[in-house]
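K.L.:
If you want the building blocks of each chain, they are given just below.
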Amino acid sequence: MTTFDPYAPSRDTTEGKVFSVTGGDWDSLVQEIGATKEERVVVNMGPQHPSTHGVLRLVLELEGETITEVRCGIGYLHTGIEKNIEFRNWTQGTTFVTRMDYLAPLHNETAYCLAVEKLLGITNDVPERATVIRVMMMELNRISSHMVALGTGALELGAMGPMFFAFRDRETVLEIFEMITGLRMNMAYVRPGGVSQDLPAGAYTKIREGVKLMRKNFKDNATLLIGNSIWMKRTQGIGYLDLAGCTTLGITGPVLRATGMPWDLRKVQPYCGYENYNFDVVTADTCDVYGRFLIRMNELEQSLRIVEQCVDKLEKLEGAPVMVADKKIAWPAQLALGGDGLGNSLDHIREIMGTSMESLIHHFKLVTEGFRVPAGQAYVAIESPRGELGASVVSDGGTRPYRVHFREPSFNNLQSVPAMSEGGMVADIVGAVASIDPVMGGVDR
Amino acid sequence: MTDGMFGTKGSGDTSGYGGLVPQVTMAGSSQRPFGSYFDDVTDDLERAYPEFSDAIERVVVDRGELTLHVKRERLVEVAFTLRDTLKFEMCMGVSGVHYPDQTGRELHAVYPLLSMSRNQRIRLEVSVPDGDAHIPSVVEVWGGNNWHERETFDMFGIVFDGHPGLTRILMPDDWNGHPQRKDYALGGISVEYKGATMPPPSDRRSYT
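For the protein sequence lines, the chains are R and X, in the order given. Read left to right, the first sequence gives residues 3 to 447 (my numbering). Read left to right, the second sequence gives residues 8 to 215 (my numbering).
These aren't lab readings, by the way, just hints derived from the structure by calculation. What you are looking at is a predicted structure, and each value in this text was computed from that prediction instead of being measured. Where a beta carbon is used, it is the ideal one built from N, C-alpha and C, also for glycine. Only true hints are included.
Facing chain R, a subset of chain X residues (Cβ under 8 Å, in silico):
hint	residue
1	MET97
2	VAL117
3	TRP154
4	GLN187
5	SER209
Turn these sequences into a full structure, and let the hints steer you where they fit.
P.N.:
Below is the structure:
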């Protein structure tokens with residue numbers, strides 16, 4: 003082969019011949035590789051590849067179509083969040099952590115705030131209404147996150163329809179988020195001491211209607227996929243990882259529950275009052291991609307159940323505070339939600355600008371300087387859609403976090419890709435990675 | 008850590024006077040009874056690991072969490088005992104913390120452990136001097152710590168001896184320095200907004 007191939011130019015290196023493939027005519031590539039008489043081919047998949055679930059790079063060593071070795075390359079989305087937090091005050095920290103795992107922002111915020119509250123020693127002072135709102139928002143967030151996992155997972159295996167249904171249903175949740183927080187993602191809604199504002203008028207109706215609609219809509223994806231012979235063949239027995247593998251690798255979440263282990267922190271180590279809700283821990287015993295898919299499907303209904311119970315509780319708690327009473331921690335203004343998003347509280351501006359100098363000073367000190375958190379360290383773990391999300395927070399007694407480290411389930415669980423995929427077919431690694439549901443924002447932070 | 012715009016250092020005072028120095032102390036060693044399940048865990052460990060008093064420098068119970076400060080040369084032994092005898096099957100990674108003021112123990116590695124059998128959590132903490140930042144790797148005990156140790160090496164420069172492939176994981180391979188150490192500047196440039204200039208976060212007025 004002497005002619006230059008614009009789609010697959012090749013060059014000789016010390017490791018052997020390297021082909022840069024950019025798409026197009028594969029026949030000439032196959033011909034050229036066949037001419038090299040190499041049995042072993044190393045394929046670089048990603049970081050910009052539609053089926054690697056974000057900017058994940060997989061280096062595959064293949065013999066024919068069988069994977070002999072996989073290595074993950076990560077770090078493409080590293081934004082230095084943990085470093086940046088150390089230069090902002092404790093309240094501003096929520097704005098950073100919400101951007102880590104961008105599909106589960108409310109879980110990040112809640113884990114961080116629970117840790118800060120533990121350091122402050124105000125865990126029991128957080129108003130009940132704020133806690134119930136947190137639980138409701140987290141469960142809605144679990145639905146929207148699982149929807150992306152199911153939709154993109156199916157799309158990556160070649161099924162287009164489930165993606166449309168999943169994103170349609172996710173939209174229902176995002177509309178509720180937008181109504182309550184003003185934003186669809188990265189809300190910084192959960193704050194140390196409570197939540198940034200109370201629910202707006204009409205929220206209960208919207209949530210109840212949303213729950214009803216989603217319960218009806220979820221059946222669409224179930225009928226499309228469960229029992230579908232192509233889907234079953236692409237997922238059953240693929241990406242096998244048993245309980246021993248999970249414990250060794252520290253795997254939690256749906257991957258662990260797919261081994262039959264009913265380990266859900268909401269049940270076994272309840273936080274935010276999860277012990278007061280009726281819901282079931284969903285498990286499967288197949289240890290494969292199909293089991294994880296079924297768990298996510300069935301967890302949707304459990305989350306809807308919790309959301310309904312939250313709305314019932316919230317209606318009884320109408321008018322109760324959503325922020326701790328301690329004015330040294332709670333921000334002075336309860337902001338109002340305007341037509342264009344989160345806006346000012348006019349009453350509060352009238353007070354600090356017109357009547358009370360002391361209020362102005364207090365507001366200024368608390369917002370610019372922030373509150374102090376007693377020195378010490380805390381680790382709080384919650385069940386995010388992907389597994390154990392742990393917030394390690396260290397304070398040196400100042401107004402800024404001394405160190406915040408997130409134990410991200412995506413980061414940890416991605417280590418299981420070699421165990422799930424080596425020895426399998428190259429096409430199945432796509433399903434295995436999708437079943438872990440890694441979110442690269444969380445992996446790289 | 009940072010110098011504020013007013014140039015005062017190590018003071019919580021923001022008036023510009025800069026003469027007030029607040030005393031910051033982390034929680035000290037705890038005495039028995041520790042409360043909760045912490046006595047059971049330490050008793051079990053003492054029974055299973057006779058060199059307990061030599062390996063564990065101190066036991067801290069703070070905010071409802073148990074921390075065992077372990078000597079680094081004993082870490083792997085303690086880890087194996089905790090995993091095999093006490094059934095702490097999972098290690099939830101390792102997180103580095105840099106305390107430049109603690110001379111001789113500037114770098115800390117913190118390991119949160121989880122036992123699913125006991126439904127309990129504890130924490131191990133190892134501290135090493137900056138000049139000799141070596142800690143034995145626990146990857147042979149808990150395989151899932153592989154990437155976590157790489158991250159801590161990447162961010163703090165702690166070398167985990169015996170790790171199967173200790174390379175950078177989040178930063179590029181040819182990066183200089185370890186970004187999350189306190190002596191590593193955040194960087195950033197000042198930003199102009201409506202005629203006024205906002206300094207980068209690390210140069211703003213510091214209250215701590």
